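Input sequences plus hints: build the corresponding full structure.
What follows is each chain in one-letter form.
Number of protein chains: 2
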Amino acid sequence: MNQEVVLGIDLGGTNTKAGLVDKNGKVLAFERFNTHAKEEFPIFLEHLSIVFNRISGPFKDQISIKGVGIGAPNVNFYTGNMERAHNFSWGEITPLAPAIHEKLNLPVVATNDANVAALGEMVFGIAREMKNFAVLTLGTGLGSGIVVDRKLLLGQDGLAGEMGHVNVRPDGRNCNCGLSGCLETYVSVTGIKRTVFKLMADRKVDSILRGYNYHELDGEMIAQAALDGDPIAKEAFTYTGNILGTKLADLVAYFNPEAVILTGGLTHARDLLLVPTQESMDARLFPAFRGKVRLLLSSVGGAHDAVLGAAALAWQHL
Amino acid sequence: MNQEVVLGIDLGGTNTKAGLVDKNGKVLAFERFNTHAKEEFPIFLEHLSIVFNRISGPFKDQISIKGVGIGAPNVNFYTGNMERAHNFSWGEITPLAPAIHEKLNLPVVATNDANVAALGEMVFGIAREMKNFAVLTLGTGLGSGIVVDRKLLLGQDGLAGEMGHVNVRPDGRNCNCGLSGCLETYVSVTGIKRTVFKLMADRKVDSILRGYNYHELDGEMIAQAALDGDPIAKEAFTYTGNILGTKLADLVAYFNPEAVILTGGLTHARDLLLVPTQESMDARLFPAFRGKVRLLLSSVGGAHDAVLGAAALAWQHL
Numbered sequence: 386m387n388q389e390v391v392l393g394i395d396l397g398g399t400n401t402k403a404g405l406v407d408k409n410g411k412v413l414a415f416e417r418f419n420t421h422a423k424e425e426f427p428i429f430l431e432h433l434s435i436v437f438n439r440i441s442g443p444f445k446d447q448i449s450i451k452g453v454g455i456g457a458p459n460v461n462f463y464t465g466n467m468e469r470a471h472n473f474s475w476g477e478i479t480p481l482a483p484a485i486h487e488k489l490n491l492p493v494v495a496t497n498d499a500n501v502a503a504l505g506e507m508v509f510g511i512a513r514e515m516k517n518f519a520v521l522t523l524g525t526g527l528g529s530g531i532v533v534d535r536k537l538l539l540g541q542d543g544l545a546g547e548m549g550h551v552n553v554r555p556d557g558r559n560c561n562c563g564l565s566g567c568l569e570t571y572v573s574v575t576g577i578k579r580t581v582f583k584l585m586a587d588r589k590v591d592s593i594l595r596g597y598n599y600h601e602l603d604g605e606m607i608a609q610a611a612l613d614g615d616p617i618a619k620e621a622f623t624y625t626g627n628i629l630g631t632k633l634a635d636l637v638a639y640f641n642p643e644a645v646i647l648t649g650g651l652t653h654a655r656d657l658l659l660v661p662t663q664e665s666m667d668a669r670l671f672p673a674f675r676g677k678v679r680l681l682l683s684s685v686g687g688a689h690d691a692v693l694g695a696a697a698l699a700w701q702h703l
Numbered sequence: 386m387n388q389e390v391v392l393g394i395d396l397g398g399t400n401t402k403a404g405l406v407d408k409n410g411k412v413l414a415f416e417r418f419n420t421h422a423k424e425e426f427p428i429f430l431e432h433l434s435i436v437f438n439r440i441s442g443p444f445k446d447q448i449s450i451k452g453v454g455i456g457a458p459n460v461n462f463y464t465g466n467m468e469r470a471h472n473f474s475w476g477e478i479t480p481l482a483p484a485i486h487e488k489l490n491l492p493v494v495a496t497n498d499a500n501v502a503a504l505g506e507m508v509f510g511i512a513r514e515m516k517n518f519a520v521l522t523l524g525t526g527l528g529s530g531i532v533v534d535r536k537l538l539l540g541q542d543g544l545a546g547e548m549g550h551v552n553v554r555p556d557g558r559n560c561n562c563g564l565s566g567c568l569e570t571y572v573s574v575t576g577i578k579r580t581v582f583k584l585m586a587d588r589k590v591d592s593i594l595r596g597y598n599y600h601e602l603d604g605e606m607i608a609q610a611a612l613d614g615d616p617i618a619k620e621a622f623t624y625t626g627n628i629l630g631t632k633l634a635d636l637v638a639y640f641n642p643e644a645v646i647l648t649g650g651l652t653h654a655r656d657l658l659l660v661p662t663q664e665s666m667d668a669r670l671f672p673a674f675r676g677k678v679r680l681l682l683s684s685v686g687g688a689h690d691a692v693l694g695a696a697a698l699a700w701q702h703l
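Chains as they are written, first to last, in the numbering used here: chain A, 386 to 703; chain B, 386 to 703.
These are computed hints drawn from the structure, not numbers from a lab. Remember, predicted model here, so these are calculated numbers, not experimental data. Be a bit skeptical, because a hint or two may be false.
The list cannot tell twin chains apart, which means a pair is met if one copy fits it or any two copies do.
[Stated by the list, open to error] When the alpha-carbon atoms are kept at most 35 Å apart in a straight line, the in silico DSBU-like pairs for lysine-lysine are as follows:
(1) K445 with K423
(2) K411 with K445
(3) K536 with K451
(4) K589 with K677
(5) K451 with K411
(6) K408 with K445
(7) K423 with K578
(8) K619 with K536
(9) K677 with K423
(10) K411 with K423
(11) K677 with K488
(12) K589 with K619
(13) K619 with K578
(14) K516 with K536
Encoded structure:
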């Protein structure tokens, strides 16, 4: 009998990664290609089809492809549509899963990238033995995937887990979504950059970061500066962790999870972020939850991480 | 064949209500008795046993009792224990469900009162056709019961849904739980009373409420004053609704429910609370959720409401 595999797709605003993955998380073949998010959607479909044939061709006689799992921004699990995704010129509603189903003639399931990250941890990562947990992706924005009793929390319209848009303060920072004070305007790579600029305004202390303009400064620079002892960069991580920890205490009050797992660019700073986050969370945890929730870093990681998550989605839901 | 019924018990800090309820929510017999929360736990068990025999006796030959459902403060669903409940002198951990099981020789299931309220709405109330919703009980404190895909959200330790203790502001009002700024210190009968005292400090305007001391003032007086046009009382409801609406927008971002249902003493003021809450929630709702969530008042109500919820728990879980 042929080996059963699925196609996992991580669709990002810049690049798309696709890989053939078996039930144990072994990646048989992998390719990365330009998403062409600013061209027409059919251009993407053509590229995907070519890449699919190229990576699956050599294994044609050895594998049986069960289906396709996709992680992408703003995807509705129930319809498979991508809805109002920033950074894409594919229209208000893109029939992502239906169109790929038609193109590749395989069953397709899709959800947003944070949900995919959560499934990746549950099937192949640090949450393999867990029943109730949340994964937060701290990248350009903040996404969250929440697992209840080993099932993705989807909600009535397949849109649950928008923790990036819970409110930190009513009169807070302007968000892409049109609201003010959303969590992701503070806790994300973009958020910490905004915090650095606020602190350069508030403080008198010197900082290497004062030498960069807003376009130049990125998350890596801030993390490196903090590791080098720069006072503004260090305070920015403390500020970020404080806000994150407060909101994690809320998350725990809602869900009573056994763990919260952090992943994404902001976590490259590791303890710089983890320590203030843990302190802030512990300080605000409702007594009944104290000592019952672990704060962890993702164990999936690596170039294939999101493809593994997308594959996990296919294995779980097809 | 005998008619199948369950015993529903609503255990409160002052009174306990018990009733025999059939599958359609018909209450065959009902009694209320003093909980004796400040005496030993076995005293309660004796009373319960007597009441049980008294209400079930007349039906002995016509009914078959399937089991017992209990709603009580701070109950862990998985163990049936009541854990560190304020207002009770029954010890740190009270083996509520196990002891009642032994006393009445029936299967017993127990959870906290807000979860019971949510099941009551789902089985006998306004949420009969709903799959994903939350019920908030706005009484002395604030409880929440959250239903995901027609199942109670329980969490890893059976303690999920502690929305009363999400944080409104880090330096906020002192809470019974030892934290500061918990939602229930603002949004509850006790919360609105505290708000009235804050507004009497902040404002110069006259108010009938200035004639009452802190012990005298209760929720009914504040609601009546607001209905009569009292400026402090009216502002107190607006203030309360504003905070509640902001946190409901967060709840929607986490859970993507189809409805949020409010119940408890604070909701007797109806539109005084609902209108500012709805406005505040709408203003902070993440775009994808706009128009997708309804804010409703409980439809169960009446003297038997919590007993019906406890019966629903038994029907669902035994």
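Checked hints:
1. With identical chains, the CA atoms of K445 and K423 are at most 35 Å apart within one copy only, with a shortest distance of 33 Å there and 74 Å across copies.
2. Proximity of K411 to K445 under the C-alpha cut-off of 35 Å is restricted to the intra-copy arrangement: shortest distance 17 Å within a copy versus 63 Å between copies.
3. In this assembly of identical chains, the alpha carbons of K536 and K451 lie at most 35 Å apart whether taken from the same copy (21 Å) or from different copies (30 Å).
4. In the homo-oligomer, the alpha carbons of K589 and K677 never lie at most 35 Å apart, since the shortest distance is 41 Å inside one protomer and 47 Å across protomers.
5. For the identical chains of this complex, K451 and K411 are intra-copy neighbours only, at 15 Å inside a copy versus 50 Å across copies, given an alpha-carbon limit of 35 Å.
6. Proximity of K408 to K445 under the C-alpha cut-off of 35 Å is restricted to the intra-copy arrangement: shortest distance 18 Å within a copy versus 57 Å between copies.
7. Proximity of K423 and K578 under a CA criterion of 35 Å is satisfied intra-copy only: 26 Å inside one chain copy versus 55 Å between copies.
8. In this assembly of identical chains, the alpha carbons of K619 and K536 never lie at most 35 Å apart, being 37 Å within a copy and 44 Å across copies at closest.
9. In this assembly of identical chains, K677 and K423 lie within 35 Å of each other by CA distance solely across copies; the values are 30 Å between and 46 Å within a copy.
10. In the homo-oligomer, the alpha carbons of K411 and K423 lie at most 35 Å apart inside one protomer (32 Å), although the nearest pairing across protomers, at 61 Å, exceeds that limit.
11. In this homomeric assembly, K677 and K488 come within 35 Å of each other (Cα to Cα) only across copies, at 32 Å, whereas the closest approach inside a single copy is 47 Å.
12. Taking identical chains as interchangeable, the C-alpha atoms of K589 and K619 lie at most 35 Å apart only when both belong to the same chain, with a minimum of 15 Å there against 45 Å between chains.
13. Taking identical chains as interchangeable, the C-alpha atoms of K619 and K578 lie at most 35 Å apart only when both belong to the same chain, with a minimum of 12 Å there against 42 Å between chains.
14. Taking identical chains as interchangeable, the C-alpha atoms of K516 and K536 lie at most 35 Å apart whether they share a chain (8 Å) or sit on different chains (15 Å).
Hints 4, 8 from the list above are not met by this structure, while the remaining hints are.
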